[in-house]
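> Here are the chains, one letter per residue:
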Amino acid sequence: MSVLAIAEHRRGELRPVSLEQLAAGRDLADQLGGELHTAVIGGDVEAFGADLNREGVDAVHTVDIGEEFNHDVYTQVVTQLATELDPTVLLMPNSVNGLDYAPAVANRLDRPLVTDVVDIDAEDGLTATRELYGSKAETTIDVHAEQAAVTIRPAEWPTIETDGDAAIEAFDATLDESAVRSTVKGFEEVGGGDIDITDADVLVSVGRGIEEEENLDIIHDLAEALDATVSGSRPLIDNGWLEKDRQVGQSGKVVTPDVYIAIGISGAVQHVAGMKGSDTIVAINTDPNAPIFDIADYGIQDDLFEVVPALTEQFQ
Amino acid sequence: MKILVTVKEVAAVDDEFEIDGLEIDDRYVTADLNEWDEYAVEEAVQIKEDHDDVEVVTVTVGPSETDETIRQALAKGADRAIRVWDDALDDAGLLDPETKAQVLAAVAAEEEPDLVLTGVQSADDGFGATGVTLADKLDMEWGAVVNDLDFDPEAGVASVHRELEGGVEELTDIETPAVLTIQTGINDPRYASLRGIRQAQSKELTEYALADIGLDASGIESPLEQTSLYEPETEGEATVFEGSAEETATELAELLAEKGVTS
Ligand SMILES: Cc1cc2nc3c(=O)[nH]c(=O)nc-3n(C[C@H](O)[C@H](O)[C@H](O)COP(=O)(O)OP(=O)(O)OC[C@H]3O[C@@H](n4cnc5c(N)ncnc54)[C@H](O)[C@@H]3O)c2cc1C
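For the protein sequence lines, the chains are A and B, in the order given. In terms of our numbering, the first sequence opens at residue 512 and continues consecutively. In terms of our numbering, the second sequence opens at residue 1179 and continues consecutively.
These aren't lab readings, by the way, just hints derived from the structure by calculation. Check before you lean on any hint, since a few could be wrong.
Ranges of calculated distance between the beta carbons of each label pair, as one might list FRET restraints [as the list claims (entries may be wrong)]:
#	chain 1	residue 1	chain 2	residue 2	range
1	B	E1196	A	F816	52 to 62 Å
2	B	H1229	A	G675	24 to 34 Å
3	A	E566	B	E1385	55 to 65 Å
4	A	A558	B	D1394	42 to 52 Å
5	B	P1241	A	G751	30 to 40 Å
6	A	E657	B	D1198	31 to 41 Å
7	B	S1406	A	D683	40 to 50 Å
8	A	A656	B	D1394	18 to 28 Å
9	B	G1438	A	N750	27 to 37 Å
Interface residues of chain A toward chain B, partial, derived using beta-carbon atoms under 7 Å [as the list claims (entries may be wrong)]:
#	residue
10	Q542
11	V607
12	L610
13	D611
14	N618
15	D687
16	A690
17	V691
18	G697
19	F698
20	D738
21	D805
22	A821
With a straight-line Cα cutoff of 27 Å, these simulated DSSO-like cross-link-like pairs (lysine-lysine) come out [stated by the list, open to error]:
#	chain 1	residue 1	chain 2	residue 2
23	A	K787	B	K1437
24	A	K696	A	K764
25	A	K787	A	K764
26	B	K1226	B	K1315
27	A	K696	B	K1437
28	A	K764	B	K1381
29	B	K1437	B	K1180
30	A	K787	A	K696
31	A	K755	A	K787
We put the beta carbon where it would ideally sit given N, CA and C, even for glycine.
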């Protein structure tokens, strides 16, 4: 009855979700009355292993194969680790890389997979909480299986900061090279435009509620009146209406301005990941149930096409 | 060469809605083609336009009510469509990624595609796992969250960018046949032309039951059971300005001025 959490790192650093998993994993292990194991694969496993030795962790397994993430390697190694350690719950991050190997591992282990969970409980069988329809609704799911694989949503659990006294052990995985059919060539930084939205004190951020590219004029007018910088949610960047380096969110920039005005943005988790640290968050949205209002400090539940010009006028 | 694209109809929920048991009441739900699948279809159609003899086939796990949505993909240039549905799937309740992948894999086994494109996730249940599960079932290589694709059919290599967090992309070469999960922004999905919409009506849409693709209906059982559906409690304590647009704008302007925002 144990829990195994697979850490994630990139370019020499453990990603925070690796430590958040330990909080989620410890809770689960307590409910199951078992041990919490964590594992790290590739890179400077010694340093990562030491860093993962946090309070509540019983064992850290280090697998010294490769430098950066490769899903073929991770799939093989995690499958072997889980076969050997036989955890009741296998935790993996619901990150871009997590989603690049967790489904394959679950398939090989013949375990049900529940992704992007925001809460999980093992008191009476495994029950996971997930969000549906872009966070408009939440659902609980009972997992009818003895053992399961779960990916947890980043930034939902705290990171464990206190050191622990776990056993740190090297795990010998055998790699079938012929089954490594992808090669990671490197990384590329996106953006490089001349504007840095992370520097702005005030961001006027616009989402799909703006409907048409022409309508962006009213946003630019507002930004000018406020002496603010324009940023946006992903659909605007996908449409080419704003440059790539103006995207706020998980795959865009993380911003922490004094004031963030979210206009016609629903507040999808990947967007919120990039702006929840803003000092004051203002949302203008017609949908009173839009998840953006959950994290906003101030809200206007009305049509942006009426509110935005009226607001601009106030500053002219 | 054949490209198989998985497409799905998703439910979009109105601003105001009511929950009826484990579902959102039908009155508040509209059906649409999954946003991520739209980009996958476009990517396939663009490859078809760039190479000779490419067939683009869509595959859907869903009931007959989804036909209209599937035809959107045909109208945008897919050649034919396959849809699989069965009472057993209807009864299975919450379809987990594994169950969906099992069905899609059976279709792929018959179609023998050179490339499979799926959306990164579906907008309604958001599991984000069907594509990679499918790849593993087919013993194909894969890549998740692909936002740039350069496919060389002769060399059997897909050079992709995988969009990681924080504005970083991973550049990876993937041996094909492979399953790629397609991220929005990879292309600029076209609107269906009137001609496309007309033509879509006469394109082939094959319906299969599980037995038709060699699957045993009794083997279909989802290990996941949805036990509740509710509106999440709002943790936020947003101060909501009330009144006309002029009134709320004035209040917000005062607040912003207080926060030191001036022109
Ligand atoms: C792997 C991955 C990474 C991602 N990374 C990012 C990211 O970095 N950044 C990001 O933003 N997204 C990201 N996304 C996409 C994200 O899931 C959402 O699709 C996106 O954030 C939605 O943008 P939106 O809020 O502008 O649009 P929608 O969700 O469509 O919301 C539009 C909002 O506008 C409101 N509205 C409509 N009309 C009006 C009006 N007249 N007045 C006022 N309000 C109105 C609606 O009520 C709605 O709430 C990512 C997704 C994935 C899968």
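> Hint by hint, say whether it matches the structure.
For each hint, the structure was consulted:
no.	hint	result
1	B:E1196 / A:F816: 52 to 62 Å	28 Å, violated
2	B:H1229 / A:G675: 24 to 34 Å	55 Å, violated
3	A:E566 / B:E1385: 55 to 65 Å	56 Å, holds
4	A:A558 / B:D1394: 42 to 52 Å	50 Å, holds
5	B:P1241 / A:G751: 30 to 40 Å	36 Å, holds
6	A:E657 / B:D1198: 31 to 41 Å	33 Å, holds
7	B:S1406 / A:D683: 40 to 50 Å	44 Å, holds
8	A:A656 / B:D1394: 18 to 28 Å	20 Å, holds
9	B:G1438 / A:N750: 27 to 37 Å	33 Å, holds
10	Q542	18 Å, violated
11	V607	5 Å, holds
12	L610	5 Å, holds
13	D611	4 Å, holds
14	N618	4 Å, holds
15	D687	13 Å, violated
16	A690	9 Å, violated
17	V691	9 Å, violated
18	G697	5 Å, holds
19	F698	6 Å, holds
20	D738	6 Å, holds
21	D805	4 Å, holds
22	A821	4 Å, holds
23	A:K787 / B:K1437	18 Å, holds
24	A:K696 / A:K764	24 Å, holds
25	A:K787 / A:K764	12 Å, holds
26	B:K1226 / B:K1315	26 Å, holds
27	A:K696 / B:K1437	47 Å, violated
28	A:K764 / B:K1381	43 Å, violated
29	B:K1437 / B:K1180	58 Å, violated
30	A:K787 / A:K696	33 Å, violated
31	A:K755 / A:K787	20 Å, holds
Hints 1, 2, 10, 15, 16, 17, 27, 28, 29, 30 from the list above are not met by this structure, while the remaining hints are.
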